[in-house]
Every structure is written in C-alpha cells, then in structure tokens.
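K.L.:
Chain B with the ligands: place on chain A using the hints.
Chains as they are written, first to last, in the working numbering: chain A, 685 to 930; chain B, 12 to 216.
By construction, these hints were calculated from the structure, which means they are not laboratory data. One thing to keep in mind: the hints can contain errors.
As the list claims (entries may be wrong) - If you want the footprint, here are the derived chain A segments under chain B, 3+ residues with CB under 8 Å:
(1) 747–757
(2) 783–789
(3) 847–860
(4) 899–908
(5) 922–930
What the hints assert, rightly or not - Below, a sample of chain A positions facing chain B; criterion: calculated Cβ distance under 8 Å:
(6) F894
(7) G895
(8) D914
(9) A917
As the structure is a prediction and not an experimental result, all values here were calculated from the model. Quick reminder that beta carbons are idealized off the backbone N, C-alpha and C, glycines included.
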Amino acid sequence: MKLTLKVWRQTSPEARGDFVIYTVDGANEEMSFPELLDLLNERLTAESSDPIAFESDCREGICGACGLMINGQAHGPQRGTTTCQLHLRTFNDGDEIVVEPFRSAGFPIVKDLVVDRSPLDRIIQSGGYITAPTGSAPDANLIPVPKDDADRAMDAAACIGCGACIAACPNGAGQLFTAAKLAHLNLLPQGQPERPKRTLAMVETMEAYFGSCTNHGECTAACPKEISLDFIAMLNHDYRRARRSR
Amino acid sequence: MAVSGIVLLLFVFVHMLGNLKLYLGAGPLDAYSRWLRTAGEPALPRETLLWAVRIVLLAAVVVHVQAAYSLTRVNRRARPEAYRSPRDYVAASFASRTMRWTGIIVALFVVFHLLDLTWGTANPDFRAGDPYHNVVESFQRWPVAIAYIVANLALATHLYHGAGSLFQSIGLLFRRRRAFATAFAAVIAAGNISFPLAVLTGVVS
Ligand code: HEM
Ligand code: FES
Chain A
685 MKLTLKVWRQ TSPEARGDFV IYTVDGANEE MSFPELLDLL NERLTAESSD PIAFESDCRE
745 GICGACGLMI NGQAHGPQRG TTTCQLHLRT FNDGDEIVVE PFRSAGFPIV KDLVVDRSPL
805 DRIIQSGGYI TAPTGSAPDA NLIPVPKDDA DRAMDAAACI GCGACIAACP NGAGQLFTAA
865 KLAHLNLLPQ GQPERPKRTL AMVETMEAYF GSCTNHGECT AACPKEISLD FIAMLNHDYR
925 RARRSR
Chain B
12 MAVSGIVLLL FVFVHMLGNL KLYLGAGPLD AYSRWLRTAG EPALPRETLL WAVRIVLLAA
72 VVVHVQAAYS LTRVNRRARP EAYRSPRDYV AASFASRTMR WTGIIVALFV VFHLLDLTWG
132 TANPDFRAGD PYHNVVESFQ RWPVAIAYIV ANLALATHLY HGAGSLFQSI GLLFRRRRAF
192 ATAFAAVIAA GNISFPLAVL TGVVS
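This is chain B alone, in the form it adopts within the complex:
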C-alpha cells in the first residue's frame, strides 16, 4: 500500500508541476507534451520512456487497489458485529475514514481523464498533439470543469491521510508527517484546481 502509494504520490506531484506549463502558453505546454513522447530519442525508440512510466504507474495502481481490497476484507472480518451505539471518534479524521470512497472517486476520474485528454474520446474538440487546445476546450464546458474540481478535492482528501500514513506503514518515524501530508495535499489541490478555474475565468484561453 505504502510503496505503491509513494509511486502515485510522485506521479501526481510531477504531473501537477508539468501542467503548470499551461500558464506559459500553448507553445511550452505542447512542446512539453512532445518531449514526453520523444524523451530518450534517438538512443531509445519514440515513446519508450513514456511507456516505461505508464507500465510502472499501472502496476502501482493494480498493487494499490489490490492492497486496499484485501485490507478492507481483513478489517471487515475483524469486526463482524458493529458497535450498536454511535462511536465518538477522537483521532480518526474524515479523510482516514473515507479513504475507500475518495480512492474510488479518483480512480473513476482517472478513467474519464484519460478519455478526455489522452485519447480524446470524451472530448468533441480533441486535437492530437495539442494539449493546450484540448485543456481549454474541455474546461470551457463547466460540467467537465466541475468534475475536475470535485475529483481533485477527493484526491486532496485522500492525500491528506495517505501522504502521512505511509511513513508509519513503512516503519519510518517522522514526527512532522501530519504537516507534510497537509502541505502536500494542499499544493496538489491548489495547482490542479487552479487550471479549470483559470479557464473558466478566462485567465487561460
């Protein structure tokens, strides 16, 4: 859970940073997109590095979901009879108790997101090789923009617990893990949510 989570954490961070090129304009973002595909050339064939990263990410997602599934089963079996009186939680957070649901929301979002901006199936104005155009077209449709905002709030909630919890799970004593997770979740959410807002408000067009 923790190791696959770290891989996904690195991805969301780098992906958010890469997307910031949206603010530099169409040229830089499209060049970055081209670079993702040509990186390693000519030593490596086109898209080799891209596919290597994709395979690692896919493996991380599979491991993460499988771990979540078996953890859920173990923990359901550990308390077959629920408490009959309402629990009064003092330490468990909203985030820690909704990991399963925020995880599912993010996973469904990733599928939609790939259809929207990678394959373009869900994007009527999709132009291959022109992510700037695609992002602007997508976010100008407000239901799509809202879906991105909601999904990134779910992601931030997931990270708020996960990015701190992982230190305990790998057995690394890190006293500032709560502060780290809060900052990480806030940075990812602020960056990612700024993109649809920038398009909706016309800052990026």
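Only chain A is shown next, with the shape it has when bound in the complex:
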C-alpha cells in the first residue's frame, strides 16, 4: 500500500506547529495505525530526521495511550476501535490520511502527536476510589449485587481513559469520561457511602479542566469502548442530588 500522511509536527509545547506531508510506501493492510507510524519513523531515523512523537503502549486496545485524531475523527473512522486496533485495511491504497493530536485546553501538546492527559488522573484522584480497608480479598458474593447493576457498572468500567470523548466533543467536554468513572462506583453497594461526595468532587475537578456537555453525542460515537450517553444522564442526576444534600 502507498499512503500519503499529513502529520501534525510541533517541536515543543510552545512551538508553532504545522502539518508535514509524508508518502509511505510498503505499508500493508494488516498493519495497525501505530505500526504505520513506526514504519515511517524507521525511515525518518535512517534519514537522520526527527521521528514523529506519538504514544502507544499495549497496542491491544486496553490501555488508552494511543489516541489520535485521524481524518477528523478521534481514533479514526472505525466505530468502537482504538487507534492501535485500527488496521490499514480500513483505508484504500493511495489515500491521504490527516493525523492531528487530540486538542483540548486540558490536554496540552507535549510534542507532535503526544498530549498530556494527566487532568484525567486529577479527576480520578478527586473521588474515583472507595475508602475501605484493602487488606485481604473479601469472600466472593459477600455483598449481593443485582445482576443488572453489576452489568451496568461493568459497562462503565470499560472506559480506558483515552480521552477520545473530550477530543471528539465540539465543546471539549469531559462528561463521558467522568460519568463512566462515577458510574462504575456509584452503581455498586461499595460505592454508596461516598456517592454524593465523590460526585461533587469529580464533577468540580472536571469543570476546572474541560468544557461542558450540550448532548451532541460525539463522545459516545468516538469512544473505543462505546460507553453509553446514559451515564451522562446518571452523572447529572447524581450531581443534582448531591448538590441538594450538601
């Protein structure tokens, strides 16, 4: 396959960036998107030019490190797929592919396609945990959990924290990420004692970094784990209740 890549290059957080066009020969359909960038970087290194900085870690769609804006969509055109699981067979020979970093005030660019997503950690630190003794593992089924709640909590817990929801949102809103992190605790018995406190803290931290939701729905469409918008309704519900009980 022969592809033309238009890649955002930016040497440092403050530097002015711009697109640079590369033609990549010798890619094949089985390659994942990071492997395509690897191929290009090997050539750039051999030519003694600066390789493109981009993030990836697990390359199996579970760590959330690899998010890129590909042809105007977070993680590219295939639904429910991380950048590292996006294979070149979704493109055609001769295509031009535009690659940009995720853009948000909360995700400052470090270099090229690498952004700093640590505000997501700040949100979790502010309440995404349960204050309980963590000594030995408790017996299974000690605390009964209705099947429906367990399923929904698991759906929310599928969030890998890649930030695509924020990158895709026209408002740069952090609601889907925060809603998922809230829901997987707020739905379970263990999460109840700290539910209002957690909700207030995480929503307030979210608001310090990100925009606010107007229900465009781009987040769910971009989410590699297809986290449902229902969790945003739940976030708003819990937030209202927590505010009233404060």
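P.N.:
Only chain B with the ligands this time, still in chain A's reference frame:
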C-alpha cells in the same frame, strides 16, 4: 438551561394551541384574547394572571440566555486551539451545532412579533383587542409572512435538539427522547407555519 427551556417549551406549545382558534374565526380568537386578560376576575384584578405568566416567561428567557452565554464561554475556553483539519462529525446534528444561531433568530423574532401583534407598533393596521384582524392584516404582507415562516423553522430546529437534550441535562433517562423532540418540533412548526400559509392562500381572511 434545561429548566428554563422546559418553561419555554410549555409556552410555545400552549401558544400554538391557542392560535389554532384562528381557524374557528374572529369571534373565538378575540374572545380567547379577552379571556387572557380577564382570567381570574373578579377574584384577581384584570391582567394579573397575564402579567404573572409574562414575568415567569421573561425570567425564563433571561436565565436561558445567561446559561447559553456562560456555556459558550466555558466551551470556547475548553478548546482554544481549533482542529486544523476538517472535523468529520458522526453524531452531532445540524441542530445541535447551530443552537446558538437558531436561538438568536428566535429571540430577534420574538421582539419583532411583540411589536407586530402585541403592541402593534410594527403593524400599520393594528386594532387593539382584535387579534384576528391583526393576524390577517400582518400575514397578508408577504415579507411578514415569510419572516414568521423562517423564524418558526429556526424554532423547530432549536426544539429538535433542545426538547431531547433537556432530559439528559436534568438527569432523566428517557430512551425515546429523540422521537419526542422530533415530534414536538414537527407539531410546533406545522401549527405555527400553517397560520401565515392559511392567510396567504386565503383560507383565513
Ligand atoms: C405563526 C405563529 C404565531 C402566531 C400566529 C402568533 C400570534 C400571536 C398573537 C395574535 C399574539 C397576541 C395575543 C394577544 O395579544 O392576545 C401573540 C403573542 C405572543 N407571542 Fe406569538 N404567535 C406565533 C408564534 C410565536 C412564537 C414562535 C413565539 C416564541 C417562541 C411567540 C411568542 C409570543 C409572545 C412572547 C407573545 C406575547 C404574550 C404576551 O402578551 O405577553 N409567538 N402571538
Ligand atoms: S496502545 Fe493501548 S489502547 Fe492503543
């Protein structure tokens, strides 16, 4: 945003229903207009209820606009650097991305509409207490009729997103919210746009 929106939603619905009396003729519409002013009498002084509703509506508009303004500012700050490549939206609709503009069009229209049919300043043939006559005179001027049609299309676009989005914002899980919003917007638009068309085509005169 959502709570003030619900108040405005109720108003547009009731207002559209009330206007349907246009099809019953001058008597019923004018009687309805009189009732709006005398409702509650004699227990309450004339126009008390009318002014109560007006104050609630005005408050809802102020809250709605203020919320829209601060939301816009927060969201502008959240992405100071726009994407340089064209975005390929998959879920966001034309309506959801133009709320600001359809909202402004409806607000400007409401000002013109009050000048036209409530105060009569913008209506050369205005007769106080005779809304049937006023509506017919207004809509017989085709630029006015077109302004009403365009404004109501903007309103329908606004409602198409807003009437569904509000359920998410108040934290109420309602799976059929898209269908509800579509139906609501369609009913309001069909009713309101039918009035200028009825006058232009001579069905109402
Ligand atoms: C084609 C559709 C419409 C027609 C024929 C119409 C007709 C009228 C008439 C006749 C009045 C005066 C009633 C009276 O003085 O007794 C009125 C008042 C009013 N209309 Fe409309 N209207 C239409 C659409 C709208 C829309 C879309 C909005 C706003 C979203 C709106 C907002 C208002 C307001 C705020 C008032 C003033 C109520 C008051 O007296 O305080 N109208 N309309
Ligand atoms: S590299 Fe881990 S999810 Fe893509």
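K.L.:
Between the segment 899–908 of chain A and chain B, see if three or more residues pass the 8 Å beta-carbon test, and mark the coverage as holds or violated.
P.N.:
With 7 residues close enough to chain B, the hint holds.
K.L.:
In terms of beta carbon proximity below 8 Å, does the segment 922–930 of chain A have 3 or more residues touching chain B?
P.N.:
holds (count 3)
K.L.:
Can you verify the interface hint for G895 of chain A: is its Cβ closer than 8 Å to any Cβ in chain B?
P.N.:
holds (3 Å)
K.L.:
Examine the segment 847–860 of chain A for residues whose CB is less than 8 Å from any CB of chain B, and state whether their number is three or more.
P.N.:
With 4 residues in contact (Cβ-Cβ under 8 Å with chain B), the coverage given for the segment 847–860 of chain A holds.
K.L.:
Using 8 Å as the Cβ threshold, decide whether F894 of chain A counts as touching chain B.
P.N.:
Since the shortest Cβ distance to chain B is 5 Å, the answer is holds.
K.L.:
Using the nearest Cβ pair, does D914 of chain A come within less than 8 Å of chain B?
P.N.:
Given a least distance of 6 Å, the restraint on D914 of chain A holds.
K.L.:
How does the coverage statement for the segment 747–757 of chain A fare against chain B, requiring three or more residues with Cβ below 8 Å from a Cβ of that chain?
P.N.:
n = 4 at 8 Å, threshold three: holds.
K.L.:
For the segment 783–789 of chain A, does the count of residues with a C-beta closer than 8 Å to a C-beta of chain B reach 3?
P.N.:
holds (count 4)
K.L.:
Return the status of the interface hint for A917 of chain A: holds when the least beta-carbon distance to chain B is below 8 Å, violated otherwise.
P.N.:
holds (5 Å)
Checked against the numbered hints given earlier, this structure breaks none of them.
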